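S.K.: Here the protein sequences come in this chain order: A and B. Read in order, the letters of the first sequence correspond to residues 1 to 272 in this note's numbering. Read in order, the letters of the second sequence correspond to residues 1 to 239 in this note's numbering.
Quick caveat, the hints were computed from the structure, so don't treat them as lab data. These figures come from a predicted structure and were not determined experimentally. Treat the hints with care, as some may be off.
To be verified - List time: in silico DSSO-like cross-link candidates among lysine-lysine, alpha-carbon distance up to 27 Å:
(1) A:Lys-54 - A:Lys-145
(2) B:Lys-100 - A:Lys-53
(3) A:Lys-53 - A:Lys-41
(4) A:Lys-53 - B:Lys-105
(5) A:Lys-145 - B:Lys-146
(6) B:Lys-99 - A:Lys-54
(7) B:Lys-105 - A:Lys-145
(8) A:Lys-54 - B:Lys-100
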Amino acid sequence: MTSTLKKPRHKKALLMPLFFVEGQVAVGVELIGQVVSMWFKTMGYIIRGDFDKKEAWRQSYMIGVKSFTVVAITALCTGFAMSLQISRELVLFGADTAIGGVVSLALVREIGPITAGVMVAGRVGSSVAAELATMVITEQIDALKVMRVDPIRFLVVPRYIAGLTMTLVLSVYAMAIGLLAGIYIASIAANLPAATFLDSVHQTILDRDFVTHFIKSEINATIIVMFSCAIGLHTRGGAEDVGIATTRTIVWTMTLIFVFNYIVTSLTYAPR
Amino acid sequence: MAMPPMLEIVNLQKSFGNREILKGISFKVYKGEMLGLIGPSGCGKSTILKLICDLLTPDGGEVIRWSDEIGLVFQGSALLNSYTVRENLALALNQRKLKKSDENKIIDDKLKLVGLAGYADAYPSQLSGGQQKRTSFARAIVNDPKIILYDEPTTGLDPVMSTVIEDYMLELSGQLDAASIVVTHQYSTWTRCASRILLMHAGKAVWEGSAEEAVVTENPYMKQFAHATREGPMLSGLL
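The whole structure should be built from the sequences, with the hints applied where relevant.
M.R.: See below:
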């Protein structure tokens, strides 16, 4: 009797990771479905111009203006560290006039969008998910539906518009701060004048780099707003589930920001 | 009653996963009437309100409404915290595309009706629990609904504030001549406000009658509920 009971338990234990993976895949597919459906509805409202402009302004302030300090600090530190490393190596090879070009390439193509994206995901994505999840739990979303106010039009569309505009602004801002940090470090570590640094930037950066920067920023904004809203609006339960929704948002948005960053980079810069 | 009902629930069924919440409940609510939907926690009372408002889809049965103008007062008020009282009420008027001056007039009138004139620019966090509840009332009636649903409107309030809220419910019911349903556990609320009582147990209606009859009936379910005793069929299988 004992042995017949033990066998299935043992088998089940072995299969547990498979059940776990299967469950996670199902949850992930469901979430992606919710995000895609929400994105189409959101775009429908945006194309028709049917959204609350005042709320979009308010969200722009919440998402953008309130992120300026934190983005500035991270971009400044990243710019300092990167310029220090690059200056040190290029001076060794006598290529110090190329410092500006290399620093700016990294900033425009990768660091700017990534820094802004990660900071907005951490600061805004989590707060949007927590806010919407709380609204679900406290029946505020039900109240909107009873008043025939579509939560997507009312809550998601203004956040998406604000996210699209402010993430781009923050990316450019992070890039500019990083460049300033680069100029400062290059002048100290390599004794490079700002004019030489900027001349190198001018010669290295192409229009295509700015287009890539723009695309990455907008993809980041879409990932952050759509996933945080979808996770928040589909939360059920209580206070613990708000915490779970916040964590899920961070994990999904951060991971996807890096995944899509690589996809865009590989599509744009891979040798053909 | 000879007049047609404003709301008719026909053999309504609803399950969440394997849990059967409503097992085919039917009732009617007439204009000017307030139906008290009472019963132990988890018997499906609030689920009925959500099905009436299309917040949930029934697995079986039907909700027949003779008006789409429905106001719902939520248990926890459910006001939007980042919006002022006026903005919360304005949301409910959104569909009507009114002029700002007309909109403000309606909002001021409704706030006056619930004793909150002068609070239009306050945020929900600046209001007391009773004031939030009354704001929720004002929001529910801002479109002069023909059907008003109250989900445990006096839960968590002190006895005096409960009486105030019950008085508002009676006043609004009289003024709007609407068909109302109040879901409640609170004895004073269903005995004072409801013109008819429907007792639910395990997803079914087990007794129906007036509030006066409810306290004297020998029906074992109603007797146990009205007298709040342990003896009776309601706790079987739960303890």
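S.K.: The structure should be examined with respect to each hint, and the outcome stated for every one.
M.R.: Here is what the structure says about each hint:
no., hint, result
1, A:Lys-54 - A:Lys-145, "holds, 21 Å"
2, B:Lys-100 - A:Lys-53, "holds, 16 Å"
3, A:Lys-53 - A:Lys-41, "holds, 17 Å"
4, A:Lys-53 - B:Lys-105, "holds, 24 Å"
5, A:Lys-145 - B:Lys-146, "holds, 18 Å"
6, B:Lys-99 - A:Lys-54, "holds, 17 Å"
7, B:Lys-105 - A:Lys-145, "holds, 24 Å"
8, A:Lys-54 - B:Lys-100, "holds, 15 Å"
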